[in-house]
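Novice: As a plain string of letters, each chain reads:
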Amino acid sequence: MKADRCKGMRDLLPQDMRKFRRVEQAFLDCTARWGYDEVRTPTLEYLHLFTATGTLTSGMLRRVYSFLDWDGWSGERVVLRPDGTIPIARLYSENQKKLASGISRLSYVGNTFTFEESGKERRERWQCGVELIGASQPSADVELVLLAADVLKGLGFTAIEAKLSHAGLIKAVIGELGLGADEQTHILDQVLEGNIKALGEVKTKDANLKRAISLLLDVRGDSPGFLENFRALLGKSLPKFEPSLRDLTAITQLLDKADCPYHIDIASGRGFEYYTGVMFQFYVGKKWIGGGGRYDDLISLIGGPDVPASGFALYVDRLMDLLKEDSK
Amino acid sequence: MRLALPKGRLMQETAALLEEASVGMDGYDGRSRSYTLKSSTFPELSARVFQERDIPIQVAIGNYDLGICGQDWVEELMAKYPSEDLILLRHFGYGRCDLFAVASIDAGVSSIDGIDKRFDRVRIVSEYQNLAETFALKQRLRRFSVFPIYGGGEVYPPESADIALIAEPSIDNLSRYDLMPLAHIMSSRACLIANRKGLAMADLSQLLSCLQEVEVASEEETVSIPAARSRRKKVPAKDGMVRLAIPDGHLSQAAAAFLERAKVNIRGYVGKEATRRPVIDLPGVTVKVIRPQDMPLQVANDNFDLAITGEDWLRDHLCRFPASPVEKLLTLGFGAVKLVAVVSEGMAASSASDLKDMVRRGLLPRIRVASEYVNIADKYAFDNHLERCKIIPTWGASEAFIPDDADLLIENTETGETLKRHRLKVIDTILDSSACLIGHRGALAHRSKKDTMEHIVSMMKRAC
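Line by line, the protein sequences give chains S and L.
Be aware that the first sequence starts at 0, since it is given in numbering that gives the first Met the number 0, and climbs by one per residue.
Be aware that the second sequence starts at 0, since it is given in numbering that gives the first Met the number 0, and climbs by one per residue.
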């Protein structure tokens, strides 16, 4: 009888663990220098933590590992953590008094579980992430981009790229399309799952909006000037875009001051429904290795205080694949 | 060629369809008790009769090339386990039913929107557990519980559930149960399904062309949910009422006779006037008729205080939830069955350890255990250290699974006759089960319910 590994799961051999620890240590050392304290949340959480927020897409919720616990006769399910940020938001909300007052800078290394049908992709993924809770200024988002770049530099990577998008902008466009609530959610889910084309497929008679969508999907830029152009073209006719454009402009101006390169690519905006502001995706070369964004409503949605927050996660498995087998 | 055919509501019309298609499936008429059939037209075609909801599973895992069942059960399977191996080939015109999410007209709910603001936790009951969960996620209910049930979903709202997902032949039926539709989930008809690999590898063309030629009257009746109308206001349940659940199905006649002996008078339980909400002549007590399989979970969730069920179903519940607040109060004596582990007569095994040896010696790749009692089967496999074991949940007619689709069956038997007829032999007795009265520990400690509950228990005790 041959005993084999569960589908979609991965063994880490000594050479893999060396890489794993290298990534983890570089991350923890760097984030500690930036003032982030490490925390850990349990692997099991109640399913309602993730449904209550209404902020994981239904496609994602259908792929969680959920089951009834041994005392689960009430029918309430528990899940193997499918996401890193929502549990941290719960941790913050539950332990606020025990955490440092004011701004909380929290870091974590943990695994997440998502079902993937073929079993060829990984169903368990390790990520290292940070959450910056209590700061609403563009400077907080910039801190996160700089921190991510610092972690990656610490691992010896040079071809680091940050792509910026904005959830507020995408939601504003969808909101202007005149769709029903269900359809809006459906389109947003598709966009956040990486299918930005879904936005272009929605038919609208509004010429300004058509132009806005086309610009959103097709044009990419590397400076606040690009956003100013965008605002000049659309801001006046579509005032609902204005706050998001202003926010993104402020972030890019600060990144310029810090001499940190970036690309504005609204179409790169994949992520979670809980994002409310800027979204970032990180690349090493052409490989996507993580992302994050601003989620100002999440903590209050799970019953905590009304506190702004943003964060990012880097995927350990992806970084390990990029590391050379050279460290002991 | 292997074909899975349904028992129950679709059987008669499926038999007529096969006759029209000249498939020549002798013995598939409801009169025969055989679950294994051969075709007089296609000598290489073998068919098995299953409970309808087992059929998509059997076809998806490749035990059968083709199957006929309601589309509702196909969608139920696909909602949780989207399988590329299961293909819907065509619909037939019969077996129409519609699946609705419903609430009681007494619940004061007018639409699905905002229902989760009204309830801290939305309680959903359904035979379609996966579709119910998908529905809840799609509606973005913030906090919900899905209670799987074996049937009788219409009787749960409003006291025992906030929403039920039930299948009905017509939307008009709902008002009979004082229910209002909140959403139309799907329309279902009998359909032909296939296993993708079966289609790719076996020559099914002759059978398929026979089935494909059967004409179906095209009826695409759409179902629309009526706009919210004025609802009755919820009548709050009186505090301290004892809620008793009594069984439907094969236990009901014996339970009615027992209750008569116990001088517990219930009008409308059995016979022509039977209803799921009969009337009991004991003050402070309400009664509902539900499936005995569902009772332990319902009592555990404080939807009922007392219930008459089988010890087998109580054991199954406690295997799953060892710390459940449900306990047995009385053994009632009727409905006695043995819960046994059985294998095919032809199998060289007379114990669970023989089965293990067969796996070790490479004679069996794994032990496939089929049972309606999924949790007892799971625990049996654990307790007997059955390695390489696969539990196959079934919804009845489990004898049909052995030997082709399962190696071991955990099944109840009253006289042993059915087992003999299907050439099965008992290798283990797990439980001597009979009807019992169960209760919720919390309710027994409830000051306002205690006296009434003790009174009912003492009446039943005298009749045991």
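Possibly wrong hints are sitting among the right ones.
Said to hold, decoys possible - Derived DSS-like pairs: lysine-lysine, alpha-carbon spacing no greater than 25 Å straight-line:
1. L/Lys-6 x L/Lys-116
2. L/Lys-378 x S/Lys-119
3. L/Lys-449 x L/Lys-327
4. S/Lys-119 x L/Lys-196
5. L/Lys-460 x S/Lys-170
6. S/Lys-6 x L/Lys-327
What the hints assert, rightly or not - To spell it out: a stretch of chain S is covered by chain L in this simulated footprint if at least three of its residues, at any positions, have a beta carbon under 8 Å from a beta carbon of chain L; those stretches are:
7. 64-75
8. 191-201
Just so you know, these hints were derived from the structure itself, not from any lab.
We put the beta carbon where it would ideally sit given N, CA and C, even for glycine.
Novice: All hints, please: hold or fail.
Specialist: Now the hints, each set against the structure:
no., hint, in the structure
1, L/Lys-6 x L/Lys-116, "42 Å, violated"
2, L/Lys-378 x S/Lys-119, "31 Å, violated"
3, L/Lys-449 x L/Lys-327, "16 Å, holds"
4, S/Lys-119 x L/Lys-196, "20 Å, holds"
5, L/Lys-460 x S/Lys-170, "65 Å, violated"
6, S/Lys-6 x L/Lys-327, "41 Å, violated"
7, 64-75, "holds (count 8)"
8, 191-201, "violated (count 0)"
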